[in-house]
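Trainee: Chain by chain, the residues run as shown.
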Amino acid sequence: MAEADDDGPDLREERALPSNLRRDQPLVPVDGVAGRALMAVIAILTFLASISAGAAVLAARASEQWRGAISNEMTIQVRPESQRDIEADVARAVRMAQGLDGIASVRAVPKAESDKLLEPWLGTGLDLVELPVPRLIVLTLKSGASPDITRFGPELRKEVPGAILDDHRVWVRRLSAMAGTIIVSGFVIVLLVLTAAALAVAFATRGAMAGSRESVEVLHFVGADDDFIAREFQSRFIRLGLRGGAFGGVAAIFAIAILGLLASYWNTAPEAEQLQALFGAFEIGWAGYGAVFLVAIIVAAIAGLVSRITVRHYLRALT
Amino acid sequence: MVRFENVGLRYGMGPEVLKDINFSIAPRSFQYLTGPSGAGKTTLMRLILMALKPTRGLVDLFGQDASRLDGQTLTAFRRRMGVVFQDFRLLDHLTVYENVALPLRVIGKEEASYRAEVVELLRWVGLGERMHAVPAVLSGGEKQRAAIARALIARPELLLADEPTGNVDPGLGRRLLRLFMELQQLGTAVIIATHDLNLMDIYDAPRLVLADGHLHVDG
Numbered sequence: 001m002a003e004a005d006d007d008g009p010d011l012r013e014e015r016a017l018p019s020n021l022r023r024d025q026p027l028v029p030v031d032g033v034a035g036r037a038l039m040a041v042i043a044i045l046t047f048l049a050s051i052s053a054g055a056a057v058l059a060a061r062a063s064e065q066w067r068g069a070i071s072n073e074m075t076i077q078v079r080p081e082s083q084r085d086i087e088a089d090v091a092r093a094v095r096m097a098q099g100l101d102g103i104a105s106v107r108a109v110p111k112a113e114s115d116k117l118l119e120p121w122l123g124t125g126l127d128l129v130e131l132p133v134p135r136l137i138v139l140t141l142k143s144g145a146s147p148d149i150t151r152f153g154p155e156l157r158k159e160v161p162g163a164i165l166d167d168h169r170v171w172v173r174r175l176s177a178m179a180g181t182i183i184v185s186g187f188v189i190v191l192l193v194l195t196a197a198a199l200a201v202a203f204a205t206r207g208a209m210a211g212s213r214e215s216v217e218v219l220h221f222v223g224a225d226d227d228f229i230a231r232e233f234q235s236r237f238i239r240l241g242l243r244g245g246a247f248g249g250v251a252a253i254f255a256i257a258i259l260g261l262l263a264s265y266w267n268t269a270p271e272a273e274q275l276q277a278l279f280g281a282f283e284i285g286w287a288g289y290g291a292v293f294l295v296a297i298i299v300a301a302i303a304g305l306v307s308r309i310t311v312r313h314y315l316r317a318l319t
Numbered sequence: 320m321v322r323f324e325n326v327g328l329r330y331g332m333g334p335e336v337l338k339d340i341n342f343s344i345a346p347r348s349f350q351y352l353t354g355p356s357g358a359g360k361t362t363l364m365r366l367i368l369m370a371l372k373p374t375r376g377l378v379d380l381f382g383q384d385a386s387r388l389d390g391q392t393l394t395a396f397r398r399r400m401g402v403v404f405q406d407f408r409l410l411d412h413l414t415v416y417e418n419v420a421l422p423l424r425v426i427g428k429e430e431a432s433y434r435a436e437v438v439e440l441l442r443w444v445g446l447g448e449r450m451h452a453v454p455a456v457l458s459g460g461e462k463q464r465a466a467i468a469r470a471l472i473a474r475p476e477l478l479l480a481d482e483p484t485g486n487v488d489p490g491l492g493r494r495l496l497r498l499f500m501e502l503q504q505l506g507t508a509v510i511i512a513t514h515d516l517n518l519m520d521i522y523d524a525p526r527l528v529l530a531d532g533h534l535h536v537d538g
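Going line by line, the protein sequences match chains A and B. The first sequence: position 78 = 78 (the numbering used here), numbered continuously. Just add 319 to wherever you are in the second sequence, counting from 1, and you've got the numbering used here.
Incorrect hints may have been included.
Some but not every residue of chain A turned toward chain B, in silico, with C-beta under 8 Å [as the list claims (entries may be wrong)]:
| no. | residue |
| --- | --- |
| 1 | 103 |
| 2 | 105 |
| 3 | 214 |
| 4 | 225 |
These are calculated hints, taken from the structure and not from any lab test. Idealized CB from N, CA, C, for every residue including glycine.
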């Protein structure tokens, strides 16, 4: 561009170019205390959203297990009546059930097994001979079959007056409603947390823009367009979002894994069976880990998108 | 290249700080913009840079009415200008090299394509050994030279320099002035805002003199 001057440095001196010239420094600095604080906020929000998503997946899996376990079977409960022979009633009910279409197998639960079901309430070692303990018959349905229980129920009551047919529909409905509520709540919480993350990023971007106002003006003067400046901010916030999302997501996966370990440790305790019955195995599976990963990615994407929109809005106001 | 017709500017409801400004800058011309401190030299430069909008009158840039420019054209016009700010406006977190390379980086040039050019210019302005330094550790003169190098690196058609020799010793001041003259000979229109009479005496050129908000042209 120019030649050496008498009183200037010697320009004709040929020197090799430094190899480490490029530092690839971002043009808009958003690291530092504010950046780290925002990353911590994003990590915490991602953690909460991931835990909510994990809980929803856990509830969905548990509800699937419940429904799978009870919707393909029905039970007949035969209550003892003083004038009737309960064993004969059970045998009659079993025969009638075997004649019903769509039934794969019928099993009368032996008396000893029925008595055992009462042990948690009455304790062991009691003689239950005198107690009028009902007997159970378990009917396993053929897959996809729907037996005509509206006809079978009354027929059974006519033949065996003490028999009650239970197809678990009420239970399935209640459990489905409960699981549905948990899933919807989890989804709503994830949405709320993502909204909070978006707002946090919007405020942080505005703060960063206000702090970098001079830099933004210089970038304009040296020929940067709004798109370029928005991209610079966006890439910084996407990185922050990815880092925060990764920290939060990994922490959530660890938390879920630790809870799973604790749950399997508690399996040895007497209450574990009921806990297991309610929650199923404490395991979110690949779908759960996928949901956590997705939440982290969505948080990073939101960080990038919101910062871009905020910057464009700010630049429009500036010009 | 630049034409002002009856331009006036006031901030808010205050008095007019610039009144009835009329002048034009021809391509490949060289002129000083002078006047006492506070006369409005920097404000006039910001009007040329379209960082401020006049409250009245016409500002014509590169043949277009500046008040009707869209964002894209504004950016394109700014890429044809180089500016040296009085307070340097270097980005504090970037090195001298990165600051000087900024105009090329923002237009998407690959770093390998301009590295040698930037280093050559830095060596020419005496910052060859300071290219890795950040502005915070530079002296006032070094910052000024870095700011000048940044304004020149993209070979602008119009160079606006606000007190470009204010922080350098007279020797370097003369060298920088010669650099601006050389640029003009290569085709750049140069406007140097200064109140340094000694500098203006070295090279005689038209003077746009601002006083009491009015502008008149000497020479």
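Trainee: Take the hints in turn and mark each one as holding or not.
Mentor: To see whether the hints hold, each was checked on the structure:
1. 103: violated, 74 Å
2. 105: Violated. Min distance 73 Å.
3. 214: Since chain B brings a Cβ to about 7 Å from residue 214 (chain A), closer than 8 Å, the hint holds.
4. 225: Holds, about 4 Å.
In summary, the structure is inconsistent with hints 1 and 2 from the numbered list given earlier, while agreeing with the others.
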